[in-house]
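Since the structure of chain A is already known, use the hints to place chain B on it.
So the sequence lines, in the order shown, correspond to chains A and B. Its first residue numbered 0, the first sequence is counted upward by one per residue in numbering that gives the first Met the number 0. Its first residue numbered 0, the second sequence is counted upward by one per residue in numbering that gives the first Met the number 0.
The hints are simulated quantities; they were obtained by calculation from the structure and are not laboratory data. A hint or two may mislead.
In silico contact screen, one side only, chain B against chain A (beta carbon under 7 angstroms); selected entries [what the hints assert, rightly or not]:
#, residue
1, Gly257
2, Ala261
3, Ala291
4, His298
Think of the CB as a built atom: it goes at the ideal place given N, C-alpha and C, for glycine as much as any other residue.
Number of protein chains: 2
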Amino acid sequence: MARVLTLAGAQTGPIQRADSRAHTLDRLIALLEQAARSGAQLVVFPELALTTFFPRWLLSDTERDAFFERAMPNPACQALFDRARELRVGFYLGFAELTPEGHRFNTAITVGPDGGVLGTYRKVHLPGSVEPRAGDRFHQLEKRYFEYGDLGFPAFRGPGEWHRAIMGMLVCNDRRWPEAWRCYALQGVELMLMGYNSAAYDPNGGSTENEAIRTFHSTLAAQANAYMNATWAVSVAKAGNEDGSGLIGGSVIVDPNGVVVAQAATLGDEVILAECDLDLCRQGKEKMFHFASHRRPEHYRRIVDQVGAEPPP
Amino acid sequence: MARVLTLAGAQTGPIQRADSRAHTLDRLIALLEQAARSGAQLVVFPELALTTFFPRWLLSDTERDAFFERAMPNPACQALFDRARELRVGFYLGFAELTPEGHRFNTAITVGPDGGVLGTYRKVHLPGSVEPRAGDRFHQLEKRYFEYGDLGFPAFRGPGEWHRAIMGMLVCNDRRWPEAWRCYALQGVELMLMGYNSAAYDPNGGSTENEAIRTFHSTLAAQANAYMNATWAVSVAKAGNEDGSGLIGGSVIVDPNGVVVAQAATLGDEVILAECDLDLCRQGKEKMFHFASHRRPEHYRRIVDQVGAEPPP
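Chain A extracted, bound-state conformation (with noise of 0.2 angstroms):
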């Protein structure tokens, strides 16, 4: 019997660093229902999808705070999570949270369609650094105001009308990281949501990798990730010229074939959407990829005993 869960990516385009809170909560709604009139049981927003992309600024510490969630939902977000329990759809929303005893992280969270949270993702691989280089007009700043995710990568199921889907969640530069997807598979991942801000070219004018480079390697990573742990996966950007830096689009929804089956065509608000037999997992996970019968973890030490690369002589 076929497992069927219709999956929904919300691409976003631009969240401008003027637009008001209001104002970038109605586009998330007005994404939610277009995807629940389609059939979607769960919408995928992107990374820190209530705000501009901030860590691409040095900000003093007000400044930055003014883009943290000190709860989740609080005022500001209610009735994003009032309307989905309304229609019964789930979501997974990325934002930055400030905890009560003051910790920043690149969060995100899946709430089910009874409006519960079912699992919270604290994002690992922060790209950038802490300090930001002299004379560049744009940085990379994500270490610099956020801890790294101390939640490891917990799958966790989902409801009995998601099939009791196993699910995981990844936030943008994660994607790439083969150790966090397999994380996620030694726990029998059937379904992998991520978000991402990804830079499409260099806002400081280098030439080293442009927009389509730069697309093709975000679905090359979703598809063989995808493919290479046999699950199901959504990615979604917030895409297009956000406070003068582009971002990459390209949301697909990958099959644990590694196969494209939807994918946004624009650097806007979009929605894609596909019907996920979450059972083809299984041809995967029970022949090429049975864990069990293949791996071989004596040999792959290096994996956590290492950070670093370390040549030979």
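Chain B in isolation, oriented as in the chain A frame:
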């Protein structure tokens, strides 16, 4: 200053059980000479390049051992080694190894331009099973005929005329396992060499995966793992209808961006070639995938602490 190495993949068509060793060796030498005429410095041959893919049959011990090499080189292969040294071309060669102590491995070696063996690798990720499945005409008995590789993933350096490239080897199914690539990347690998024999379809008549999706998987794994480990990769098939069982082609040379720069178009003996600048690995190794800055091994413990998947309750 660029560090350019001209690489070739020498895809072979099928090698039938009835083919003589001399006939097969003549084919390999012809491919080597063709690659050398085009400027290749290093030629990659397939997995088990000297014989048919014998794990497809249940064999007596005597039948089995006829496919194994007791030394490398040996008189039946010497002509390939001699011709390569004359041309100052190195090569990767996959073969069935029987050690003096009586151990059997699915092995690959890389031979340098002076004829010396630079590195040895024994396949870690053996697919298939120990016991044949009743009623099937064709089997996959690698777990019966070979022991798991006991050398781990040992990177090694090429000679000065290869710019002391940091090199690694995998064999067939290994290329789908991100752990294997990562262990090499943690040694700074710049060039991954791989040969394979991969079924084009279920030779017993099942219809789960066709030739197109299997070829796609082979290419996808090479592209994404090359990208995520910032390395060149050469992935080379034994292809075509071998003793009644179909093998995919699709041999590729992939750059450190995951882009295919050369690809075989046939299922027969065919040379693919590319001039590869090893310094193209630096962009990935020094930025996006600078492991020392970005990896978080404290969260990767499952990769070595577990073998099989352990789903949440």
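Q.
For the restraint on Ala291 of chain B, tell me whether the closest CB of chain A is nearer than 7 angstroms.
A. With a minimum Cβ separation of about 3 angstroms from chain A (threshold 7 angstroms), the hint on Ala291 of chain B holds.
Q. Does the nearest C-beta of chain A fall within a distance shorter than 7 angstroms of the C-beta of Ala261 of chain B?
A. violated, 18 angstroms
Q: Go through the hint on His298 of chain B and say holds or violated, using the shortest Cβ distance to chain A against 7 angstroms.
A: holds, 5 angstroms
Q | Restraint check, 7 angstroms cut-off on beta carbons, for Gly257 of chain B near chain A | A | Cβ of Gly257 of chain B sits 5 angstroms from chain A, so the hint holds.
The structure is inconsistent with hint 2 alone, although it conforms to all the rest.
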